[in-house]
Amino acid sequence: MATNTVPAPEQPKTLAGKAALEVDDRIPIAGWLRRTMNKVFPDHWSFLLGEIALYAFVILLLSGTYLTFFFDASMREVVYEGSYAPLRGVDVSAAYDSTLALSFDVRGGLFIRQVHHWAALLFVAAICVHLLRIFFTGAFRRPRETNWFIGVALLVLAMLEGFAGYTLPDDLLSGTGLRIFSAVFLSIPVIGTWVYFTVFGGDFPGELIIGRLYILHVLVIPAIILALIALHLTVLIKQKHTQFPGAGRTEHNVVGNRLFPTFAGKATALFFIVFGVCAALGGLVQINPIWLIGPYNPAQVSSGSQPDWYIGFVDGGSRIMPPWEIELWGYHIPPVLWGALGIPGVMFTVMALYPIIERKLTGDTASHHLLQRPRDVPVRTALGAMALTAYIVLWISGGNDVIAEKFDISLNAMTWFGRIGFILLPPIAYWMTYRICLGLQRHDREVLEHGIETGVIRRLPNGEFIEVHQPLGPVDDHGHGVLSYGGASVPKRMNHVGGARRAIKGFFRPIEDPAEVQRQAEQEARGLEAEEASRELTRSGRPAEGGRPSAGGRPREPRD
Amino acid sequence: MTTTDHRPGSTGGADVPGPLHGGPDDDYTPQQLAAMDRTELDRLGARYDAVEVLHVDPVPEPGSPLERKAARQVTLWFAIAGLSAVAFLVVYAGSNWFLPDWAWEPGDRNWSALFTPLLGVTMGLSLTAIGIGLVLYVKKLLPHETAVQDKHDGSHFDRVTTGATLVGAWHNSGLPRRKLLGGTLAFMGAALGVMLIAPLGGLIKNPNKGNPLGTTPWADGLRLLRDDGTPVRPGDQVPGSLETVFPAIPGGNSVHHSDAAVMLIRLRPDQMETLVTPAGQEDFGYGDYLAYSKICTHAGCPVSLYEQETSRILCPCHQSQFDVTQGAKPVFGPATRSLPQLPIRVDEEGYFVARSDFREPVGPSFWNMGRLN
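Protein sequences, first through last, are from chains A and B.
Okay, so the first sequence: first residue is 508 according to the numbering used here, each after it adds one.
Okay, so the second sequence: first residue is 163 according to the numbering used here, each after it adds one.
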C-alpha cells in the first residue's frame, strides 16, 4: 500500500482539468467514461436503421409533450367557435375542438402536431426496416434472441401507440377506424361482447374511449416502450454489435470506430438529420388535416378512408377475407376476426418465434457475432421474401379502393387480386428469391476462382479471343484463384480492387497535387497493391505483369 | 483501499489525495504516466479496455488547401444552421408583430398559409445543416482510425462464484426443507397478484343488461328525419335516390345513437320489377320505398356509396356490396349478413314513420348474436 500512496499524482493546471478532478473525486467516473468512449462500434450504413427509430422516438417524446399542453382528451360536446371559419357553429367533441385550437389558434401548434405525426410514421417505418435488416443478416441468432423478442414487442407496441395517437383527435377518419376496431373486439368468440363493453365502457362510442386511449398513448405505452428500449440498448451494449465478415473480423472481436469521437459524432449527426427531416416534413407536407375531414359522426364516412400506413395491412386482411361466417349451434364467428386479428396474430407470433424455429430446423445453437449475407442463407432469405410479399399484398389491398380509382381498375378485381395474390404470390417469391440467392452464390465462387472480368479482350496467337480475368489473390498452377469464400462481399469490378486511382479533389480546379495523390496511393499500399507486394512470397509466386492495369500492368489470363 | 487498511482517515483540514486504487495504478506510477504524451496515454487506456487501434488515416495537413477547404465547408454548414435557427425565430416571433398575422384566414396566398411551411423549412434546414456539418467534421477533419476490440464471453469464474453465493443463500433460507413455508409463500404471491389487479374489474360492463346490442332507438310511430331535422313524405325523393334518415328523438343523428342511421331508398320502376323481398319482410317497405340500416354488417362503417345502375350499396371501408333489390343481401366483399330492414309506414299527416325497431341486431356480427332477446 505504502508504495502506492507516494508520490502524489500531478495536479491538473487547466480549469477544465481541475473541474474534472473535482467531479471524479466525488463520483469516480473516469474509468467508466474511458471504457464507454473506447467502446468499438462497427461501421455499416444498415446499422443506423435502429438508431433512426430511436431518434424518431426522442422527437415523439419532445413534440408529444408539447401537444399535451393544449389537448383536451374529452368527448364532452362543445360548439366549435375557433378561428377556422368553415367549422364555426358545428357540434364537436372537446378532443376535436382542442385539436383544431392547437392547429389554428396556437402559434406553431400545427407545425408541432405535424412533426409529431410524421415522426410517428417514421418511427414505425424505421423499426420495420431495422427488423428486416436483422432478419436477413441473421443478427437474431444466439445470443441475440432476447433482443429479437424485445424488438418484436416494440414493433407491436409502436403500432398500438400510433393507432391510439391518431384516434385522439376524434375526427371522422379516426372515428371510423375506431368503429372498425370495435367490430374486431365484438368478433372475438365467447367474450367478444364483454370485451367490447369493457373497452368502450358501454355501447360504441360511449364517452370514455378518448380519455382511455389518451392515458394509454401518453403514459402506459410510452413507459413500456421506453423501458424496453433501455433494455434493448443495454443488451446491445453488453453483447456488443454484430459485424459483417471482412478483413480481420472474427467472432471474437469488433472492428470499427471507437465511440468517441467518431461514432458519437456520426450518431449525433444522424439525430439532427432525422430531426431536421421530420421538421421539414412537419412544416411542408400536410398530414391528417382533421379540419377537412370533419368531426366524427357514426352516420358519415369518406370514400378512400385509409388508416396510417402501418395499420394498412390489417385493413387489407379484412378487405380480402371472403364472407365466411362460421355458425355453430346459433353462435357466430364473423370473418372480421380472421382478417383483423387472425392474420396479424399469426404474423407476429411466427415472427417472434422465428429464432427458435430456425434453431430447431438447422440445429445451429452456436453463438454468432458475424452477420450473414442474405444470399448465403437462401432458405431464410426466401422465407423472408415470402412473408414480405404476403405483407405487401395485404398492404396494397388496404388501399385497393384508391388504386382502383386512380388506375381505373374494377374494385372487385382488386379484391380478387388480393385474395388470389395472398395465396399465390408468396410461394413464387420464395422460389425466385431462392434461385437468385443460389445464382449470386455461384457468381461469388466464379469470381474467386477465375477472377474479375476486366472487359479486356485479347486475341491469342492461335486466333482465339478470350476475356482477360484479374485474379483476386494468389493462383494455383492452373491459374485458378486459391482464395476461398469467407462470407464477405466479393469485389466484382476492377474499381473495387483499386483499378482506378482516386479522383483528384477540387470542383473548378484541383486543390491537390496529382503527383502527391499518386505518391500517397503508393504509400498506402492497401488492397491489391499490398496483395501484390506479398504475392512474391506465396507459393505460386507469380505476380501480375507489372501491377494494376492503371499503372500499365497487364493482368494475366487463366490458362483454362 | 483494502480491508487490511486500518488507518483512521481524514481528520479535517485541506484535502489530501488518498491512496491510489489497485489495478492499473499498480502497473504505472504517476511519473511513468506523466512521461507519456496524450496519444500514448490514449492508446494505453484503450489497451486496458481490450481495444487496439490498428490504423489511423492522417488528417489533411494543417494549413493545406485540402484542410482549409474542409474547414470552410464545415464552418459554412454550421453558419447555415445558426442563420436558419434565427430565421425560424424571426418567422415565429415576428408574425403579427413586424410581419403579417399568422392566424388562419381563407386563401393560400397569404402569410398564414406560409407560416407553417416557413417554420418547417427553417427548422428543418437548421437541424439538417447541423447534421451535415457534423458528418463533414468527422469525415474530413478528424483522423479516421480503425480500432479492434476483443469480445469477451461469460467468465467461468464469475458464474461459479456468483452461483455459489445465490445457492448458498437459498440453502441458508431453509426453503428447500420448509415445505409449508414455501407453499404458503407461493399462495401468498398468487393471491397478492390477483388482489392488485382485481380493481381493474371495475372496467367490466355487462353487455346483456337491457339488450343494448339487439336494439336501436327506432320504435313504432317514430318519424324518419333528414339530417336537417325535416320529416320525409312519399314523393319527396326522385325514383332511384337514397337519403339518410334518423329517428325523431333528441340526438337521433349523433354519436349517442351510433346504430340509428337508416337509408331511405326509392326504387325505380325497373328496379321494382326485379325486386325480391326476403320472406317475412314483404310488407316492410312502403310502395317503392325501402328503409335499410346504414351500419355495415361487416365492421360497422356507414355504407354510403349507392350505385343506382347496379342497385348496389358499397361500404367504403372494406368494400362489401349489398343489393337493395334483393333485401340488401351482400353480393361481394367480406360482409356475411344482409343489412337489416326497417319496417316503415306513413302516419296520419303523411310522413314516413317506423313501424317498429329492427327485427335483428344492427351492425357487425358477434358470438351470441342469434341468442339475444
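In case anyone wonders, no lab produced these hints; they're calculated from the structure.
These numbers were taken from a predicted model, which means no experiment stands behind them.
Warning: the hint list may mix true and false statements.
Claimed, not checked - Quick list of the computed label-pair ranges, beta carbon to beta carbon:
hint, chain 1, residue 1, chain 2, residue 2, range
1, B, Leu343, A, Gly538, 38 to 48 Å
2, B, Gly325, A, Ala730, 47 to 57 Å
3, B, Ala176, A, Leu726, 45 to 55 Å
4, A, Thr741, B, Pro220, 48 to 58 Å
5, B, Leu343, A, Thr741, 31 to 41 Å
6, B, Leu467, A, Val663, 53 to 63 Å
7, A, Thr741, B, Phe260, 46 to 56 Å
8, B, Glu214, A, Gln1027, 23 to 33 Å
9, A, His1003, B, Pro220, 34 to 44 Å
To be verified - Here are the simulated lysine-lysine pairs, BS3-like style, with alpha carbons at most 30 Å apart:
hint, chain 1, residue 1, chain 2, residue 2
10, B, Lys491, A, Lys747
11, A, Lys999, B, Lys491
12, A, Lys913, B, Lys491
13, B, Lys302, A, Lys1012
14, A, Lys747, A, Lys867
Stated by the list, open to error - Examples of chain A residues toward chain B, derived with CB under 8 Å:
hint, residue
15, Arg686
16, Ser689
17, Phe1015
18, Ile1018
Even glycine gets a Cβ: it sits at the ideal position worked out from N, Cα and C.
Each hint tested on the structure:
1. For the hinted restraint 38 to 48 Å between B/Leu343 and A/Gly538, the CB-CB distance of approximately 43 Å keeps it satisfied.
2. At roughly 34 Å, the beta carbons of B/Gly325 and A/Ala730 sit outside the given window of 47 to 57 Å.
3. A hinted range of 45 to 55 Å for the beta carbons of B/Ala176 and A/Leu726 is consistent with their spacing of about 51 Å.
4. A hinted range of 48 to 58 Å is violated for the C-beta pair A/Thr741 and B/Pro220, which are about 36 Å apart.
5. Take B/Leu343 and A/Thr741: their Cβ atoms lie about 35 Å apart, and the range 31 to 41 Å holds.
6. Take B/Leu467 and A/Val663: their Cβ atoms lie about 33 Å apart, and the range 53 to 63 Å is violated.
7. At roughly 51 Å, the beta-carbon separation of A/Thr741 and B/Phe260 lies within the given 46 to 56 Å, and the hint holds.
8. Distance hint check for B/Glu214 and A/Gln1027: the Cβ-Cβ separation is about 24 Å, which falls inside the suggested range of 23 to 33 Å.
9. Look at A/His1003 against B/Pro220: about 24 Å separates their beta carbons, and that is not inside 34 to 44 Å.
10. For a cut-off of 30 Å, the pair hint linking B/Lys491 to A/Lys747 is broken: about 60 Å separates their Cα positions.
11. Under the criterion of a C-alpha separation no larger than 30 Å, the hint pairing A/Lys999 with B/Lys491 is inconsistent with the structure, at around 62 Å.
12. Restraint check for A/Lys913 and B/Lys491: satisfied, since their Cα atoms lie roughly 28 Å apart, inside the 30 Å limit.
13. Distance hint between B/Lys302 and A/Lys1012 is fulfilled; the C-alpha atoms sit about 12 Å from each other, no more than 30 Å.
14. At most 30 Å may separate the alpha-carbon atoms for a hinted pair to count; A/Lys747 and A/Lys867 meet this at roughly 25 Å.
15. Interface restraint check: A/Arg686 against chain B, minimum CB-CB distance 5 Å, threshold 8 Å, status holds.
16. Satisfaction of the interface hint for A/Ser689 is found here, the shortest Cβ-Cβ separation to chain B being roughly 6 Å, below the 8 Å cut-off.
17. Because the closest C-beta pair between A/Phe1015 and chain B is about 12 Å apart, greater than 8 Å, the hint is violated.
18. Residue-level restraint check for A/Ile1018 holds (minimum Cβ-Cβ distance to chain B is 4 Å; threshold 8 Å).
Hint compliance for this structure: hints 2, 4, 6, 9, 10, 11 and 17 are not met, and every other hint is.
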